[in-house]
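Protein sequence lines, in the order shown, are assigned to chains A and B.
Under our numbering, residues 12 to 375 are what the first sequence spells out, in order.
Under our numbering, residues 2 to 338 are what the second sequence spells out, in order.
Possibly wrong hints are sitting among the right ones.
Claimed, not checked - What follows is a set of in silico ranges between Cβ atoms, one per label pair, in the way DEER data are often shown:
no. : chain 1 : residue 1 : chain 2 : residue 2 : range
1   : A       : G53       : B       : N49       : 27 to 37 Å
2   : B       : M318      : A       : P234      : 23 to 33 Å
3   : A       : D226      : B       : H298      : 51 to 61 Å
4   : B       : P97       : A       : L332      : 49 to 59 Å
5   : A       : I111      : B       : L295      : 15 to 25 Å
6   : A       : D226      : B       : L317      : 31 to 41 Å
7   : B       : E149      : A       : N309      : 40 to 50 Å
8   : A       : A315      : B       : L317      : 34 to 44 Å
9   : B       : T100      : A       : F312      : 33 to 43 Å
Everything labelled a hint here was simulated from the structure, so no lab data went into it.
Keep in mind the model is a prediction, meaning the values are calculated, not measured.
Built from N, CA and C at the ideal position, the CB exists for glycine as well.
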Amino acid sequence: MKTFRNILVGLVSRFRPEQIRLLFLLVLMALVVIFFSIQVPGYFNTRFIVRQSTSVVVIAILAIGQTLVFLTRNFDLSLGSIVGVTAYIVGQQLWRHPEIPPVGAVLMAIGLGMLMGSINGVLIAYGRVPSIITTIATLAIYRSFLVEYSNAVPITTNNLPRWLVKLSATSLFSIGEFDVRVTFAVMVLTLLLFQLVLSFLPFGRRLYAIGSNPDAARIAGFPAKRIVFTAFLLSGALAGLAGFLFLVRFGNITVLAGIGLEFESIAAAVVGGVSNNGGSGTVIGAFLGALLLDLLQNSLFRWAVISEFWRDAILGILILLAVALDFVVFDRLKNLWARVELEVSAGKAGDESKDLGEVVTHAS
Amino acid sequence: MPAKANLLTTIWQRLKSWEGLLLALLVAIVGINSLNAPGYLTVANQTNLFVLSIEKVIVAITMTLLIINGEIDLSAPSIMGLSACLTAFLFRDNIPFGTALFLAMAVGLACGLFNGFWIARVGLNSLVVTLAMLICYRGLARVLLEDESISQFPAWFNELGQKNLIGPFPMSLLIFLGLFLIALVILQYSGFGRLIYVIGNSKDVARYSGVRVPKVKFLLYIASGLISALAGLLLAARLGAVRGDLASGYELDIITMSLLGGISIYGGSGTLYGVFLSILIILNVRNGMGLAGLSGHFQTGVIGILLILSVLGPNLMRDARAAINRRRLQANLQRRA
């Protein structure tokens with residue numbers, strides 16, 4: 012009993028429950044890779060890593076946006092349609108005006124995404140329409156806009172400028188045999204940027220504050236409406252960027268582009284430990300969630316034993332398991348941690364002054 | 002004379018409510034459609050209009066009960082798809098058709114139990130659970146049929162879905178009317194119905210008052226699973242063919258039917274009468290747009306806008322009323338001062 016206690020105290024001083032969760036995800040990913048390496052001959056090599064690094068990009072960027080929205084206790088179900096609309100419109104403009112510079116195309120995609128995100132944001136933050144209702148509706152509205160707008164004319168790789176088609180296979184630099192693709196580099200930069208914003212900027216901290224206790228945040232004088240609006244605006248902007256990367260990756264865009272991505276982004280965030288009750292989770296976690304899901308999908312695709320149609324069924328079960336695990340295990344773990352931490356600090360305080368120690372024990 | 006004045010004010014009060022607004026809207030839409038298309042307001046056309054979306058309308062009943070209860074079931078369309086796909090799958094493998102139908106209903110029950118377990122017993126958020134199951138049940142339906150489309154069901158099955166049973170009414174419409182009456186009696190005129198409202202108003206207050214909240218929620222999810230499975234079978238019978246994506250995307254229409262009917266998304270308020278009116282409105286709007294030559298996708302977009310307006314409208318109305326009251330109060334205070 013004493014040794015168990017010591018181990019626990021040792022753990023508490025070294026890791027937080029959130030870190031254990033991320034560690035758990037990494038272990039799970041390693042297990043997936045080991046399992047499929049045994050099952051599928053020629054599964055794991057540098058080519059696989061490079062392919063994995065490019066295929067995770069779109070979903071990882073969407074997961075960042077979903078995380079921002081999740082932190083404020085909301086959902087964004089319209090992401091799939093925003094990706095479809097931006098990918099199509101940007102592709103169409105590049106087809107008609109091939110002279111548009113790359114930077115212009117990216118800015119156009121982000122702008123379009125922001126526009127659609129701000130429609131969501133206004134309705135949710137200022138119109139007080141629940142996010143689930145708003146975004147189920149705008150998911151349908153943006154998609155039907157795309158269908159009407161496109162007249163069922165698809166964008167094909169042949170119509171796009173050469174630089175765009177080549178971009179998906181262009182490397183920024185190589186580390187040994189591992190090529191760092193441009194799209195992957197863009198994702199890493201976005202990831203770092205938003206992790207820093209969430210950890211250090213007032214805006215980031217306010218997102219957490221609003222999600223963990225909306226009433227307290229309002230009473231403390233935070234502009235809650237503006238912050239929720241900004242979260243949806245940024246989520247839309249990121250979806251616009253994802254739409255551009257979607258165009259880069261696939262080149263062929265039909266009216267069906269991006270369907271189902273909203274579910275995958277939610278799955279990534281939830282599996283990555285971003286709480287749907289708001290107030291907890293990190294961008295890095297959401298990225299690891301996205302990576303695990305993408306890895307599973309790519310691997311199932313190459314596994315001959317079961318059909319690729321199992322993909323969605325497994326996705327759904329994973330979301331449920333992640334939520335249930337959070338609810339049943341990690342919440343208790345967090346409580347245990349808090350208790351042990353209090354006892355440790357009480358013990359330390361007890362050495363110096365007995366009174367203070369008692370106060371702390373009472374407080375627990 | 003005062004009695005008559007009272008009657009008039011009651012009628013006026015009724016008309017000023019959300020249901021009154023819906024009724025006015027409905028009359029306007031039907032009026033416009035009748036002007037555009039002669040023979041619009043016949044029994045045959047109105048029945049036909051119902052039959053073309055009867056499956057969504059049936060599921061809207063249980064969805065309404067769940068939303069009043071403060072929960073939601075996004076997975077209902079996927080349960081519809083799964084039950085139809087399971088029937089088609091078993092039928093292809095030469096299992097007797099009656100057994101296949103029975104198993105499809107059983108799978109609906111199982112889905113309802115599964116949802117209910119996580120939401121009512123474990124206590125997870127119903128949005129997340131049913132969103133996950135929306136993906137999962139749809140995935141299972143795809144696993145069963147892959148890319149195939151199965152048709153040529155027994156003749157009696159298709160006839161049940163397509164031919165009229167009594168007078169101008171097919172079986173599916175009669176089932177809807179029956180279920181609607183049952184739901185109306187349960188929700189509006191029974192003790193269990195009061196419990197549904199009480200829990201929707203405040204789960205905690207209900208629990209402290211000794212209401213067995215998990216039991217009520219569990220029962221509602223089981224009902225939702227069973228009715229969704231039934232609706233899936235009716236859709237299969239009407240279409241005569243089943244594919245993996247059967248009924249996908251129906252959640253938009255189903256939820257819109259409930260919310261436009263004045264059911265609060267926060268739970269605890271709204272009536273089935275309002276939902277009946279909003280069903281009529283949505284069906285007539287869709288039909289009218291179809292007559293005007295607008296595509297199905299365009300119609301879906303309009304339904305999406307209707308959904309947002311059905312929540313935004315009351316919110317803005319409440320704001321306006323609060324602003325007017327505030328101004329009146331200030332004016333009174335100034336007059337006194």
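Status of each hint after checking the structure:
1. G53(A) with N49(B): 27 to 37 Å: Because 58 Å falls outside the window, the suggested range is violated.
2. M318(B) with P234(A): 23 to 33 Å: Holds, since M318(B) and P234(A) (Cβ atoms, about 25 Å apart) stay within the stated range.
3. D226(A) with H298(B): 51 to 61 Å: About 41 Å separates the Cβ atoms of D226(A) and H298(B), which means 51 to 61 Å is violated.
4. P97(B) with L332(A): 49 to 59 Å: Violated: the Cβ-Cβ distance is about 36 Å, outside 49 to 59 Å.
5. I111(A) with L295(B): 15 to 25 Å: 33 Å, violated
6. D226(A) with L317(B): 31 to 41 Å: For D226(A) and L317(B) the Cβ distance comes to about 23 Å; the hint is violated.
7. E149(B) with N309(A): 40 to 50 Å: 25 Å, violated
8. A315(A) with L317(B): 34 to 44 Å: 57 Å, violated
9. T100(B) with F312(A): 33 to 43 Å: Hint holds: Cβ distance 35 Å, inside 33 to 43 Å.
In terms of the numbered hints stated before, the structure departs from hints 1, 3, 4, 5, 6, 7 and 8, listed from lowest to highest.
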